[in-house]
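J.: In order, the protein sequence lines correspond to chains A and B.
Read left to right, the first sequence gives residues 316 to 596 (the working numbering).
Read left to right, the second sequence gives residues 316 to 596 (the working numbering).
These aren't lab readings, by the way, just hints derived from the structure by calculation.
Take every hint as true, because none was put in to throw you off.
Since copy identity is lost for identical chains, a pair holds within one copy or between any two.
No more than 20 Å apart at the CA atoms, straight line, and that leaves these computed lysine to any residue pairs for SDA-like:
#1 451 x 502
#2 478 x 375
#3 490 x 378
#4 496 x 450
#5 478 x 373
#6 540 x 489
#7 415 x 536
#8 451 x 504
#9 451 x 503
#10 451 x 529
#11 382 x 521
#12 451 x 465
#13 490 x 461
#14 490 x 450
#15 451 x 501
#16 451 x 367
#17 496 x 462
#18 490 x 459
#19 480 x 439
#20 478 x 395
#21 340 x 563
#22 478 x 396
#23 415 x 439
#24 496 x 456
There are 2 protein chains.
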Amino acid sequence: MLLAKRKNSASVAHADKGIDGLLGKVHQADCVEFLSKLPEACVDLIFADPPYNLQLRHELIRPNLTKVDAVNDRWDQFDGFEAYDEFCRAWLSECRRVLKPTGTIWVIGTYHNIYRLGRLLQDLGFWILNDVVWIKTNPMPNFRGVRFTNAHETLLWAKKSEKAKGYTFNYAEMKAENGGKQMRSDWTFSLCTGGERLKNGDGRKLHPTQKPLEMVERIVRACSKPGDIVLDPFAGTGTTAVAAEKHGRRWLAVEQQPDYVAAANDRLRQLRRQTERPTVQ
Amino acid sequence: MLLAKRKNSASVAHADKGIDGLLGKVHQADCVEFLSKLPEACVDLIFADPPYNLQLRHELIRPNLTKVDAVNDRWDQFDGFEAYDEFCRAWLSECRRVLKPTGTIWVIGTYHNIYRLGRLLQDLGFWILNDVVWIKTNPMPNFRGVRFTNAHETLLWAKKSEKAKGYTFNYAEMKAENGGKQMRSDWTFSLCTGGERLKNGDGRKLHPTQKPLEMVERIVRACSKPGDIVLDPFAGTGTTAVAAEKHGRRWLAVEQQPDYVAAANDRLRQLRRQTERPTVQ
DNA sequence: GTTTTTCATGAATCCTCGG
DNA sequence: TCCGAGGATTCATGAAAAA
Chain A
316 MLLAKRKNSA SVAHADKGID GLLGKVHQAD CVEFLSKLPE ACVDLIFADP PYNLQLRHEL
376 IRPNLTKVDA VNDRWDQFDG FEAYDEFCRA WLSECRRVLK PTGTIWVIGT YHNIYRLGRL
436 LQDLGFWILN DVVWIKTNPM PNFRGVRFTN AHETLLWAKK SEKAKGYTFN YAEMKAENGG
496 KQMRSDWTFS LCTGGERLKN GDGRKLHPTQ KPLEMVERIV RACSKPGDIV LDPFAGTGTT
556 AVAAEKHGRR WLAVEQQPDY VAAANDRLRQ LRRQTERPTV Q
Chain B
316 MLLAKRKNSA SVAHADKGID GLLGKVHQAD CVEFLSKLPE ACVDLIFADP PYNLQLRHEL
376 IRPNLTKVDA VNDRWDQFDG FEAYDEFCRA WLSECRRVLK PTGTIWVIGT YHNIYRLGRL
436 LQDLGFWILN DVVWIKTNPM PNFRGVRFTN AHETLLWAKK SEKAKGYTFN YAEMKAENGG
496 KQMRSDWTFS LCTGGERLKN GDGRKLHPTQ KPLEMVERIV RACSKPGDIV LDPFAGTGTT
556 AVAAEKHGRR WLAVEQQPDY VAAANDRLRQ LRRQTERPTV Q
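Let's have the full structure, built from the sequences with the hints guiding it.
T.: This is how it looks when you write it as C-alpha cells:
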C-alpha cells in the first residue's frame with residue numbers, strides 16, 4: 316500500500332536521498348503522507364501543534380450579544396474520539412520513526428485532546444520528560460460563568476523511548492533565562508496578538524490558533540543545537556520555522572492548507588530580508 | 316463473584332439501605348469493593364487522589380549526597396501501564412456509577428498518570444469541564460539539571476456525561492475569592508508542609524503525598540453545597556474529609572491502609588474537638 | 001500632539017426550564 | 001427531543017476613535 320502510494324505520488328521519492336533538499340521550506344502536503352517518505356531517524360526536534368478536536372456544539376454569545384469567532388474550520392472536525400485517536404496514532408507513529416534516538420518531540424493541546432495525545436505518546440513508546448503549562452496572561456473569559464476561566468494550554472515533551480540517551484537540554488541557557496533559577500514547568504506568555512499576529516486582506520486573523528513565537532523559540536533553544544534539524548508536521552503560519560531560522564537551526568515543515576503555506580512562506584521571506592538588511596535606524 | 320464476595324464480606328451489605336450509616340467515617344477497605352456496594356447515584360462530589368504509578372527506577376541523590384525520600388510504597392507499584400489502566404478503569408467506573416447525574420468528579424495526578432486518567436474519563440463517558448493546574452510555589456528542584464523543574468500537578472474536573480445538567484459551580488464565591496475576577500484554571504498553592512503535614516512517631520512525614528488542605532477546600536466550596544455528600548475513594552490522611560467537614564458537607568471516605576485510616580480518624584477527632592471548643596484566646 | 005474612551009477579540013467542549 | 005422564553009453573564013490588550 317505505502318509502496319504503491321510512493322510510486323504513484325507526484326512528489327519526488329526522497330526516502331533514500333536524505334532530506335537536505337527538503338530543508339528550509341514549508342511543504343504543502345498531507346502530514347502523514349509526507350512523513351512516510353522521509354528516512355528514519357533524520358530529525359532532532361519535532362514541534363507539533365495538531366488540530367485540537369474542540370467539539371464545539373453551539374454558538375457562544377458574549378454578554379454584549381456579539382458572537383465568539385470560534386474555531387470551526389474543517390480541519391478541526393473529527394468523527395468522535397476514535398477517529399481523532401486514529402489520526403493521531405498515524406502522525407505520531409511517523410514522527411517517532413523520523414525522530415533520531417537522541418531527538419525529542421513537543422506536542423501542544425488543551426483538555427479536549429491533550430489526554431489522548433499524552434496517553435498515545437506513552438503507548439507508542441515515547442517517554443515523557445516533562446509536561447509544561449502555558450499560562451496565558453490574557454485568556455478569553457468564561458462568559459457564562461459556569462466553569463473556571465480556561466487560562467492555560469499544555470505542552471508535552473518526550474524522548475523517543477525510555478532507554479533513549481543523549482537528548483539535548485540546554486539547562487544553563489534556560490536557567491539564565493529564568494533569572495538564575497531552574498526553568499520551571501509553568502511558562503507565562505500572552506496570546507499571540509498585535510503585530511505578531513498574521514492578518515489576511517480583511518485585517519482579520521489569518522489562522523485561528525497562531526502560537527506565540529517567543530514560546531516556540533524557548534523550545535527550540537532549550538532542546539536543540541545550532542545546525543540541528545527541526546520538524547513541524549502542522550506548520551500553520553510557520554511559527555516553528557521562524558523560531559528555528561532565527562536561532563540557526565535547519566528545519567522542514569509540512570502544512571496541508573495552501574493559504575497557510577503561502578502565508579508562512581511570505582513570513583519567512585520577510586524574516587530573511589530583515590536578517591540580511593537590518594532595520595534602518 | 317462480586318455477589319459471593321458481598322455475602323462473605325464482614326462489612327454490612329448496605330446496597331439497598333442508603334448510605335446514611337456510612338457517612339462521617341473513613342472506612343478501611345479496598346476502594347473498588349467498597350464502592351461496588353454503594354447504591355447508584357448517591358454522591359454529589361468525588362475527589363480522587365489515586366496512586367500516581369510513578370515508575371521510579373533508581374534512587375535519586377541530592378547534590379549534597381543525601382537521598383531523596385521518594386514515593387516507593389507498595390501501593391504505587393503497578394505492572395506497567397496496562398495494569399494501571401485496568402485498575403483505574405475499575406475505580407473510575409464505580410465512581411461514575413455512584414455519582415449523581417448532577418454531581419462532578421475531581422481527579423489529581425502528574426504526567427506519569429494524568430494522561431491515562433484523562434483519556435479514561437473521556438472513554439468512560441465523563442465530560443471534562445476544566446483541567447486545572449496546581450502551580451507549586453516550592454517544588455522540588457530537578458537535581459540533575461536534565462529536565463525542567465516539575466513545578467505543577469494537574470487536576471481534572473468532569474461531570475457524569477456530556478448531557479448531564481445541573482452540576483454545582485459556585486461561581487460568585489470563586490470570583491470573590493479571586494479578588495473580584497473569575498477564578499482561573501491555574502491555582503497557586505505551596506506544598507503541604509509545616510504543622511499541616513501529618514507526622515508519625517519518628518517525626519517523619521506520615522504520607523508521601525499529603526495534599527494542601529486549602530486546595531481541597533477550594534474544590535469542596537466551588538463544587539458542592541452545604542449538606543451535599545462528598546466521597547473520597549483514596550482518602551489517605553483524610554484531607555478531603557477535613558475539608559468537607561469544615562464546610563458543612565457530609566462525606567464518606569475509603570482508604571486501604573490501616574495506618575492512614577487511623578491517622579485520618581485522629582485528625583478528624585481533633586478537628587471536631589476544635590470545632591466544639593474553639594481555641595482559648 | 002496628547003490623553004481618554006470606546007470597541008473589538010482571543011483553541012470555548014459556556015444555561016435552565018417548561019411545553 | 002426540540003424549541004422558545006427568561007435571565008444571568010467577561011478579562012486583558014491593542015487599535016481606533018474621540019476629546
